[in-house]
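Using the sequences and the hints, build the whole thing.
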Amino acid sequence: MTAVIIAMTSYGWGHHSYYVPRSRRQIIMELSFIWGLLWVTAITQIRISIACSLLKLSPYRLWKTPLHIIIAVQLLIFLGYCIIILGCVTPVQANWGHAKMRGHWPLKPIQ
Numbered sequence: 019m020t021a022v023i024i025a026m027t028s029y030g031w032g033h034h035s036y037y038v039p040r041s042r043r044q045i046i047m048e049l050s051f052i053w054g055l056l057w058v059t060a061i062t063q064i065r066i067s068i069a070c071s072l073l074k075l076s077p078y079r080l081w082k083t084p085l086h087i088i089i090a091v092q093l094l095i096f097l098g099y100c101i102i103i104l105g106c107v108t109p110v111q112a113n114w115g116h117a118k119m120r121g122h123w124p125l126k127p128i129q
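If you number the sequence shown the way this note's numbering does, the last residue is 129 and the count never jumps.
These aren't lab readings, by the way, just hints derived from the structure by calculation. Cβ atoms here follow ideal geometry from the backbone N, Cα and C, with glycine treated the same way. Incorrect hints may appear among the rest.
As the list claims (entries may be wrong) - Label pairs and their calculated CB-CB ranges:
no., residue 1, residue 2, range
1, S41, L73, 46 to 54 Å
2, S41, Y78, 55 to 63 Å
3, P77, S35, 51 to 59 Å
4, I24, Q111, 22 to 30 Å
5, L75, R120, 44 to 52 Å
6, I68, P109, 31 to 39 Å
7, Y36, P84, 48 to 56 Å
8, I95, I23, 20 to 28 Å
9, H34, L94, 34 to 42 Å
Right under this line is the structure:
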């Protein structure tokens, strides 16, 4: 993830868009899309790893069921985010470029 942020910064991420050439803005938008996917994946893995470490610490059966439920909920949230990120716009390239959109979900339910 750090490499993606460094690459985004080298192309002008963080500067006002007026000062960034259009070709570089395109690359920044592509990297930003990748960074969003990586961020959601990393946060989900961190949450699941914490729950798994708590599973090892707890010898009592009382804690195991809620921790398994938390892990399942985190996986469902991750899948929901990925479906929204990847499936909201068709084709996916329209998220960062000037591709002609063939379809778009109504944004009202997810705002």
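So which hints don't hold here, by number, going up? As far as the earlier hints go, not one is violated by this structure.
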